[in-house]
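Chain residues, written in single-letter form:
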Amino acid sequence: MTAPATAPVLEVEGVTLRFKGVTAINGATFTVGERELFAIIGPNGAGKTSVFNVLSGVYRPQEGSVRFRGEDILGQRPNKIAAKGMARTFQNIELFENLTVVDNLMLGRAHQVKYGMLAAMGWVGPARRSELADRAAVEEIVDFLELESYRRFPVGLLPYGVQKRVELGRALAMEPQLLLLDEPVAGMNLEETEDMARFIIDIRDELGLSILMVEHDMGLVMDLADRIMVVDFGVPITTGTPAQVQRDPNVIKAYLGEDHDTGGRRKKQTADEGTTS
Amino acid sequence: MTAVENQPSTGGGEPAPAKGRRPLGRPMLYTAYGQDMALLNTGAKKVAVAVLLVVGLLLPFVLEDDLLRLLATGAVLAIGAIGLNLVTGYAGQVSLGHAFFLGIGAYTAAVVSGDPEDDQLYGLGITFLPVWLIAGGLAAAAVGFVVAPLASRLRGLYLAIVTLGLVFLGTHVWNEWDAVTGGIGVGRPAADPVLFGVDLSRRTEVFSADQQLYLLMTALLVVFALLGRNIARSAIGRSFAAVRDRDIAAEVTGVDVRKVKRRAFVISGFYAGCAGALLYSITGYLDPSSFGLLVSVQFVAMVLIGGVSTISGSIMGAFFIALLPRLTRELPEYLPFLSSSATETPNVFQVETLLYGLLIVAFLLLEPRGLFGLWVRIRNYWKAWPFSY
Chain A
1 MTAPATAPVL
11 EVEGVTLRFK
21 GVTAINGATF
31 TVGERELFAI
41 IGPNGAGKTS
51 VFNVLSGVYR
61 PQEGSVRFRG
71 EDILGQRPNK
81 IAAKGMARTF
91 QNIELFENLT
101 VVDNLMLGRA
111 HQVKYGMLAA
121 MGWVGPARRS
131 ELADRAAVEE
141 IVDFLELESY
151 RRFPVGLLPY
161 GVQKRVELGR
171 ALAMEPQLLL
181 LDEPVAGMNL
191 EETEDMARFI
201 IDIRDELGLS
211 ILMVEHDMGL
221 VMDLADRIMV
231 VDFGVPITTG
241 TPAQVQRDPN
251 VIKAYLGEDH
261 DTGGRRKKQT
271 ADEGTTS
Chain B
1 MTAVENQPST
11 GGGEPAPAKG
21 RRPLGRPMLY
31 TAYGQDMALL
41 NTGAKKVAVA
51 VLLVVGLLLP
61 FVLEDDLLRL
71 LATGAVLAIG
81 AIGLNLVTGY
91 AGQVSLGHAF
101 FLGIGAYTAA
111 VVSGDPEDDQ
121 LYGLGITFLP
131 VWLIAGGLAA
141 AAVGFVVAPL
151 ASRLRGLYLA
161 IVTLGLVFLG
171 THVWNEWDAV
181 TGGIGVGRPA
191 ADPVLFGVDL
201 SRRTEVFSAD
211 QQLYLLMTAL
221 LVVFALLGRN
231 IARSAIGRSF
241 AAVRDRDIAA
251 EVTGVDVRKV
261 KRRAFVISGF
271 YAGCAGALLY
281 SITGYLDPSS
291 FGLLVSVQFV
301 AMVLIGGVST
311 ISGSIMGAFF
321 IALLPRLTRE
331 LPEYLPFLSS
341 SATETPNVFQ
351 VETLLYGLLI
361 VAFLLLEPRG
371 LFGLWVRIRN
381 YWKAWPFSY
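Here the protein sequences line up with chains A and B, keeping their order. Its first residue numbered 1, the first sequence is counted upward by one per residue in the UniProt record's numbering. Its first residue numbered 1, the second sequence is counted upward by one per residue in the UniProt record's numbering.
Don't read these hints as lab results, they were simulated from the structure. Ideal Cβ positions, reconstructed from N, Cα and C, are used throughout, including at glycine. Check before you lean on any hint, since a few could be wrong.
Over the 12 Å line for every Cβ pair with chain B, so calculated as not near, a few chain A residues [claimed, not checked]: (1) R18; (2) G161; (3) L190; (4) I201; (5) T238.
Listed next, the in silico DMTMM-like pairs over lysine to aspartate or glutamate satisfying Cα-Cα at most 25 Å (straight line) [what the hints assert, rightly or not]: (6) A:K114 / B:D247; (7) A:K80 / A:E63; (8) A:K84 / A:E34; (9) B:K259 / A:E97; (10) B:K383 / A:E148; (11) A:K114 / B:D36; (12) A:K80 / A:E97; (13) B:K259 / A:D72; (14) A:K84 / B:D245.
Starting from the given sequences, assemble the full structure and let the hints guide the process.
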């Protein structure tokens, strides 16, 4: 396990989340370092998205602590956490579908809007300046994510792959320090996946963000991630570099099941082959 | 759709200059964000608004007084409809309690403007219009502030039912609180529209009362519509829409959902209060039974028929509903089995009530974007004319 060189951006310790009898997360512990791309993988229902919901304040875990830039953020409201610099995308696109692409991105900057209702009514002074500055900032993201031709479309009318990109854009518009990506390439074709991979690399290398990613596309995860945590039924199995994780026998067991004596009918597979679906 | 031209990047995310020279004949070419985000961002919109304003100014010299009075009522209803559209259309918080807010505005204004000598009714004797107008608006906004936490707990149908309860609560209070409302069947004089010493509800040497009221209400509508439009296009309007479309995503994006709902109810209350204050200063008389469920339903009809989450749609819907009774009154001439008397059935008043429901259903099924949607269709047709695709 390679520890990040600088102080971690995010420290999660012993987080346990239960819904009645079901334990969705059982003692998740990990850190995300500066400019690190940390991936969480695991079979369906392993609790990956629940981790995201805990981090962004949607769920409140029963045990554990979450420290963001050294500050305990557990129990704070989602909008407060967002304002501290944590942005996320959703597995199933959660865009404001009646609004245009530009308006969706502008909403990413909602937490830094300072002007009130009266200024908005008059559209003068601070309101006008703030809107123009936000628009200029949003256009940088439109440019970065190559959304120029979709600016004025209501996002509900856009193709799936573009919607995913708009959602990434909305998260970037928040100017976060940590970006949570929940299955950024789910349901995408090969070209869209490659585009998204390129954007993710650019975000880490050019914008210098720390990224926490949940993804089922093993090829993408192995290529992009600096470190990977594997979870199964809410329990973290192992954490390490892509190469370490691929060799871990526990990981292979979690994904492919145990090798019972089945009379040699089942062939041994590597985790890599077996889970790219 | 034409892509917006980028301001040549000066780096560092500096806001582009708000104004800039725009080449003629290229309506969709913008050279600054300020142009693109302007209220009237195309030449056609500027011309259309100018024409509308001129027509609006000329109407009082062309139309009969009773029609002007109807249009003045329509303008006031439009202010109320914008208020309902802000909370229900933009912010997605279904409110059936609009009549209650209207009542608060109307009675606050009536009390502020009322005769202080009267020992039956409360009155402060401040007849200056802006004072009682804003007092009525603020009183209703304050109630909106108190009611808003309900919306943080409830949503959709449940919120609709609870806000419906407000109407019945209000009706009871209006019926019983004689010192403010005058009581059932008695009523009280509404607020006097006095502006700089001139009582606009009485004819002067130049204008008739209805001409004055029409001009006053239209001017106020223009102001309120402009303010509403500014709210809608600002970060506040966007956060309303975000809460309506996806409240959890909105919160994770940094929108304070409770604050947004509170703001929506406050601003909607303010608009409703102002509309209530103005509405009865046209007739000059205020009856406690004027704020029942039907009024709320009428406002919902205005929003749905006009166009959900559009300011111009609210205005169209309000004028449509305001002029509808006038049209149904004409019906007995063509349909002899209809009576124009309220005591016989079937009569035109029943037809009118029926029409609200029918029109809501018809619009929801056929054109959910309402009259505004019809307008968009017409506009798009002419945009491409003579090509049909």
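Consistency of the hints with the structure:
1. R18: Check passes; 21 Å lies beyond 12 Å.
2. G161: 19 Å, holds
3. L190: Given a closest Cβ separation of 27 Å, the condition holds.
4. I201: Per Cβ check, I201 of chain A is outside 12 Å of chain B; nearest 22 Å; holds.
5. T238: 29 Å, holds
6. A:K114 / B:D247: 21 Å, holds
7. A:K80 / A:E63: With Cα atoms ~21 Å apart, K80 of chain A and E63 of chain A stay inside 25 Å; holds.
8. A:K84 / A:E34: With a Cα-Cα distance of about 16 Å, the restraint between K84 of chain A and E34 of chain A holds, given a limit of 25 Å.
9. B:K259 / A:E97: With Cα atoms ~22 Å apart, K259 of chain B and E97 of chain A stay inside 25 Å; holds.
10. B:K383 / A:E148: 23 Å, holds
11. A:K114 / B:D36: 22 Å, holds
12. A:K80 / A:E97: 24 Å, holds
13. B:K259 / A:D72: 24 Å, holds
14. A:K84 / B:D245: It holds: about 24 Å lies between the C-alpha atoms, which stays within 25 Å.
No hint from the list above goes unmet by this structure.
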